[in-house]
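With the hints in hand, could you dock these two chains into one complex?
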Amino acid sequence: MATTQTQPQPLFPRLDTLLWLMATLILVVLPLMSRMVIWSPPLFLALLLWRYQITQKKWHLPPFWLLFIIMLVVLLGLFLTYGIRFGRDASITFLVLLCGLKLLEMKNRREFLIVCFLSYFLIITNFLYSQSIPTALYMSLVMLVATATLISLNDEKKSLSTRQRLRLSSILLMQALPVMLVLFFLFPRVAGPFWKLPIDSRTGITGLSDRMSIGDVNQLTLSDEVAFRVKGKLPPPELRYWRGPVLWWTNGREWKSGFQQDQIVNQLNIHPSGEHFDYTITLEPHYEQWLFALDLPVQAPTEGAMTADYQILAKRPVRERMRYQVRSYTHYRADFITKRQYRLALQLPQGKHPRARALAAQWRQEESHPEAVVKRALQYFNEQAFVYTYTPDLLLNDPIDEFLFETRNGFCEHYAAAFTVLMRAAGIPARIVTGYLGGNFNPIGNYLIVRQRDAHAWSEIWLPDKGWIRIDPTNAVAPIRVEQGIESALPMTFNSPLDLNILQQLANRWDAINNGWNQWILGYGPAQQREFLSRLGLKNIDWAGMTIALIIIITTLLLGYAAWMFFPQKLVRDPAQKIYLRFCQKLARQGLHRHPSEGPITYATRVSAARPDLAVPVQKIIELYVQSRYRSQFETVGELRKAVLYFR
Amino acid sequence: MTTQNTTHSKKRHTAQPGPIVLKRRTIYILPSKAGLGLALVLFIMLLGSMNYNNSMGYALSFLLGSMAMVSMLHTHRTLLGLRIEAGKVLPVFAGESATFQLWIDNRGQVARHALVWQHDTIDIPADQRVSIDISVPTSQRGRVFLGRLKVYTRFPLGLFHAWSYIHLDTSTLVYPQPLGHRNLPLGEQSQNTGEGSPHETGGDDFIGYRDYNVGDSPRHIDWKAVARGRNWMIKEFGGLSAAQVWLTWDDVSMLNNLEVALSQLSLWILVAESQGAQYGLKIPTCSFEPNSGEQHRELCLQALALYALPKEIS
Chain A
17 MATTQTQPQP
27 LFPRLDTLLW
37 LMATLILVVL
47 PLMSRMVIWS
57 PPLFLALLLW
67 RYQITQKKWH
77 LPPFWLLFII
87 MLVVLLGLFL
97 TYGIRFGRDA
107 SITFLVLLCG
117 LKLLEMKNRR
127 EFLIVCFLSY
137 FLIITNFLYS
147 QSIPTALYMS
157 LVMLVATATL
167 ISLNDEKKSL
177 STRQRLRLSS
187 ILLMQALPVM
197 LVLFFLFPRV
207 AGPFWKLPID
217 SRTGITGLSD
227 RMSIGDVNQL
237 TLSDEVAFRV
247 KGKLPPPELR
257 YWRGPVLWWT
267 NGREWKSGFQ
277 QDQIVNQLNI
287 HPSGEHFDYT
297 ITLEPHYEQW
307 LFALDLPVQA
317 PTEGAMTADY
327 QILAKRPVRE
337 RMRYQVRSYT
347 HYRADFITKR
357 QYRLALQLPQ
367 GKHPRARALA
377 AQWRQEESHP
387 EAVVKRALQY
397 FNEQAFVYTY
407 TPDLLLNDPI
417 DEFLFETRNG
427 FCEHYAAAFT
437 VLMRAAGIPA
447 RIVTGYLGGN
457 FNPIGNYLIV
467 RQRDAHAWSE
477 IWLPDKGWIR
487 IDPTNAVAPI
497 RVEQGIESAL
507 PMTFNSPLDL
517 NILQQLANRW
527 DAINNGWNQW
537 ILGYGPAQQR
547 EFLSRLGLKN
557 IDWAGMTIAL
567 IIIITTLLLG
577 YAAWMFFPQK
587 LVRDPAQKIY
597 LRFCQKLARQ
607 GLHRHPSEGP
617 ITYATRVSAA
627 RPDLAVPVQK
637 IIELYVQSRY
647 RSQFETVGEL
657 RKAVLYFR
Chain B
586 MTTQNTTHSK
596 KRHTAQPGPI
606 VLKRRTIYIL
616 PSKAGLGLAL
626 VLFIMLLGSM
636 NYNNSMGYAL
646 SFLLGSMAMV
656 SMLHTHRTLL
666 GLRIEAGKVL
676 PVFAGESATF
686 QLWIDNRGQV
696 ARHALVWQHD
706 TIDIPADQRV
716 SIDISVPTSQ
726 RGRVFLGRLK
736 VYTRFPLGLF
746 HAWSYIHLDT
756 STLVYPQPLG
766 HRNLPLGEQS
776 QNTGEGSPHE
786 TGGDDFIGYR
796 DYNVGDSPRH
806 IDWKAVARGR
816 NWMIKEFGGL
826 SAAQVWLTWD
836 DVSMLNNLEV
846 ALSQLSLWIL
856 VAESQGAQYG
866 LKIPTCSFEP
876 NSGEQHRELC
886 LQALALYALP
896 KEIS
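One line per chain: the protein sequences are A and B, in this order. For this note's numbering, count along the first sequence from 1 and bump the result up by 16. For this note's numbering, count along the second sequence from 1 and bump the result up by 585.
Here chain B stands alone, though its shape is the one from the complex (with noise of 0.2 Å):
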């Protein structure tokens, strides 16, 4: 019941921002196979009684009716009144499926059995809440939407299917799939030895300690030293370390494709970071001096999720 951000647009205004709380007209009904099979079972017990005029055989067949009719009002109960909010969401690289956290919280002094939320199964106890992972699988660049979710739930009996939709306005950024089979252009101050593969460079060799930096890699800070009650340091390793590494749209103009383009800008990114070189980005729309870490990095890849796309997404 999830959209994927090629489709979104449409159904976008009908979702919330905020808790959905699950009322009684957003709340469907109906019989279940297994409650037609029941209502089936009924009518020829209701016939039998009626031929041997059995009393009791009415009787049973009344309060299994009666049974089938309160189930409806138990099993609409179970969906009635629960609270959902979306949790936390992290990006994902388009090919990925984004993990969507719900909390569905139960205000309600009865607990709730079996709501079945896509593949997982959940009961919440009265007045708790728990959360569940929904995940979304993408497969293009830009931004997933949570979309809309169906939950349903047969409990007490299964005679009776209660479900309702959930549109809760929650994304997430889809990065370009690192894909691509060029070597990161490396510029002139580049102190390496030109072409070649970083890793060809030895990039996993350790060189040496650096101070730490605001948005470095935690990866990569000695932890044991950081224990021993020393100041914070960074191993570096590679050959990249000092190097600064501009990746603009020139180095891609050559491939025709824009998502190909922005995937092969996105793996140099994403092997910039990991050798620990100074990369800057510049694309049309903007550009970003070079610089390394985590938050760079996110930048950057955000940058390019979003490039030529609608407005409306971002």
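One chain only, chain A, in its complex shape (with noise of 0.2 Å):
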């Protein structure tokens, strides 16, 4: 344990090497620190200077009952925080914690290699949070200084400079690629996950929700982040709705689905007519079990299963990458219903939105038709002052008669939402359906891309003769939304349609590149390990034969750098030496042949009695090599190769 030491003997480890470390633990902590608890990036900091400090200014190490309390202090802090259920966020700043508090302990070998190990742990929880080429380039940079500072602490005589640390490190990255490309595509998969995962590891997941509320936000985030990609044949931009959660219960402010999600039909009285589109969707993972198809999908993929309400379950939450192929048509009749969900398609909270009743009560009254009914409501979103916006006003009481009647701007929520509920009031059965709307085509990977931003909200009404059909309302308000995609329907950002075009590529560019990496890289699991082993014609090969593959590949490689490294040590003359014997052959043009065996000073003595007339410059130059070979005084081979330069 740390306790005072009597002697002041030199702290383990040096200075160098300790800031080397700290380095490290800097670099990566750096992008964790958006995670973690507010106070503990600077009590993280304060650590690491408080060791600074000891070794800078010789002090003594702490003792270990004060190591002990502010570990106490620590664990309160994260209890309080997040709580007596330990996720994951709260487990990396406890991690990342308690490398600071290593660093106050450590002054042995051992203890340094404990936290290097332990940043390397972290480095592998930023993994957990981003998995993006940024990042993974970053966590090169991390690795190459975490390696020189295993470097550093190896170097006993700190005789290297902190170039040639970081050189020798990148040499042993750069060695290590090959095989690590080996490891990467050849080791065993295996499907996880073993155990439970962490409650919170789908914190900081953007995406839709199963339940949705209105009125509750006046700024929604438009995140830029990926929802899923899809290549194939597709319909025109206004007919792509992406079919997500269906809502059907509400209490006059929150929607949510309400209704047994794993009731699984097998007879769902599709009858589609008309063109049909095959495609493949790459979901990313949203940690939540619903998979997105274009409405309507005839058939479930293999992966999931389509419920009572048209959507498509998959077996388990998606926590990875996932691909799956349907098939669609847009034009459809579907009229499933059973009686109870006839009920749910009717029901609104008690004594809730009476304005809104009143009024659907009138077009009731008035019109003989549902379907007129319905083009009454549209009309009224569209005649009536409605203003689609990302920024509505907060909703307080009564969110779907404050919005139809007072403040009159919203998103498609807020649409979607009034819509139903109106319907619901005129006596027609109606749900709202969540999911996407649209897409951008990116030509460069020949692939649409969904993102976050395109959530959207529609309504669909049962009809007893057409059975479900899609309503948009925001259709009658923004039209140009549903048609054009969402930066179209909200103002520009872009100053003149050339850098939209440049930035556009550029983006395209980017996001094919992602997608790449997404689908080789991090998308690879065991069914893209047995597709690109067949693809190298290893069909059928089991774990035994990978893992020999494997062996025989890296001890090839392996073999193939020890012979480059251990032999081509091709003897180099020391340039000193070099320009020694370019100076010998110019005095055996003149008749003073050196003998095989006659050292530097016995030749120059012979040479000087030899011819008296260059003896002055040939001891000057025999002095200059003795000094700059022998004596290893390296300054010197300067002035011995200008003084043999200008020998005659």
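Please keep in mind that the hints were generated in silico from the structure rather than gathered at the bench. Using N, Cα and C, we set each Cβ at its ideal position, and we do this for glycine too. Errors might be hidden in some of the hints.
To be verified - Just so you have them, the derived chain A footprint on chain B, three or more residues with Cβ under 8 Å: (1) 647-655; (2) 702-715; (3) 727-741; (4) 832-845; (5) 851-861.
Right, here's the structure in full:
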């Protein structure tokens, strides 16, 4: 334990090695800081600074009880922040602070290595949040510094400069890279998870949720995060409704599915007509079960099943990128409805939305046919001063009535919810469908990208003779949103179309690279591995075969390195010797050959005796040569070169 | 990793006289404790990556593992091709440490770092050679061998421990430890007063000058005179200058133990030499006529060192 030392002996490690370790820690913790509790990054930096002062000013290491108390305080702080259930963020914060505390206790090689290895762990925790290309590049940089830290520790004579350490570290990393790639692609992959993932492992992931509430936010953040990518045959943009969770139940403010999600029905009464669309979706993990498909899919892909409200649900929450194929029809008749569904589709909270109910009742009285009521409602949205905006006013008491009759500004959720309430009030079964609308086509990768900002909500009504019909009330307010996508419906942010084009092209290219990265690197799992191996001609190889192949390839690689590193030690004469040999040649031309066994000094003496006129320059050159070659005075090499050059 | 002269004979035949070059077959390598620690960390990281299906986690674990494998080659190369040669070593008295000089020659184009020899850590730049001193404690007279030495390194990452053994055939004499309580036996020819220790005869007194003889101790040369260009003169001290002393077996025969007797003779030689006396040595194996000087002293001590020891040692 770190108690006070009676003798002021130099503290391990030396300052430069300590600085390397601290640089690694700071670099690795930097991207994690935004995930940590507000008080923890300053505390971490303070611990680092303390340790720096200890080594710099030769202070004593803090006593163990003090570290123990700090540790207890940290645990208490984490408990107060995160509660009793430690999730991912709490664990990482704890790990980071543990590193800081360990630094204050560190006084030998073993403890130094523990901190080093902890920092490797922290690198990997970064990947739990992001595995993008920039993150990967940044972490390579961290690896470079971490490896240089280990080199610094083992360079016991401290004879390597910072540059040399980084150089050696990058050599090691570059040599490791091919071996790593072989391991990455051939190491037998297994499907996880083995144990339960921490509770907050989906924080930081934006996406749809299975509930929506109206009027609580007055600022919708538009996330550029990709929801999924689609490749294949697609309908025109205004028909690209990507169907997601369906919401039935409402309390007047909040909407949720309120329906047995797991009820799988075999006969769903879908009667498609017209053209069909076959396409492949690569879905980003959203930690929920639903799989998106173009409205309306006729059959669930093998990875999922279709519910009674035409949602496709995966068997398990989507924790990793997932690819599936679907067939959809944009023209269809789907009229599956149960009694329970019928009741739910007319459910409204008791005593809420009086004005909306009154309006709907008025329409119902005036119109004989439900379709006419729908038309009246859409007309209402279109003709009244409704505004499509992402910064709506807050709705405090009765969101639907306030929106319909007072504020009249909102985005798709407001319109879908208000419309659905109006329909239910008019006695027409209706539900909200959430999902995405549109997407951007990437001509470079030839696929469609659907982002979180493309999230959308619309309504479906049930008519006895037509089944479920999609009605998008947003279309009545901002048709451009439906036809041209979200960017067009909002004020332009780019100054000129030219900029837009170049930026759009760059963005497309970047996304195409990202897509490749996602498909081939991040999405590389057991299935992809089988596909990859069968492309290599290794069909039906089991894990034992893979392991053998792996060992053979890696051994070959390492032997190759060994051959390259161990043998080509071509004897390059040191510069001083080269210059000396040139000098000997010059003298030989004058008839003064050097005997093979003659040392420089005896040679010079003999030459001086034979040619007293050359004695002065010859002695000078020999002196320089002896100095630079035998006394390691390398700075005289330049002088020697000059002297030999001017020697005639 | 050194062997005392008692156990040398078994291992001696493996010793090599000339320069030893560290070849692949003579370099051993195993993971160090840190390397095993990293293996554990890697295993946990790999398990975590599998659990989270985290591709970059896999990539990082594999990169670390690959780097460890590559570092094994680098650690091996740090020792590979080093050429080790024995340098000079001086005789010592038993109980002292013999200092063996070794030259380590790096003829490669890559600098070698953090080579550990016993307690020394050295770096050798590319295409250079450096010398190190290895001290070997002695306890018995005879011959001390450098014995088998271990050199190891953990450079660059400390994950592997590469080592090699060097067994150079180099040795030096160990003279008997100069010990004893008896006074210098003064022969009949002695002009000094019979018994008594040499110190009592005023051995530190300056007596006069005499001509330099080959073999005289340089300590007694009158350097000031030499500097002035005069002849080399020897300053004579003490009263034994003209004395002739025979150090014979009979003088120590009352000491039952052979080693004690040899120690006593060893002490007498040193005393006689420092007094500038002419001393002769007569032991059963050989005899040296009275003389003085470093060479004579070394000859006598050598004879004592090797007295009654097996031939192969000498």
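Results for each hint:
1. 647-655: holds (count 8)
2. 702-715: holds (count 5)
3. 727-741: holds (count 3)
4. 832-845: violated (count 0)
5. 851-861: With 0 residues close enough to chain A, the hint is violated.
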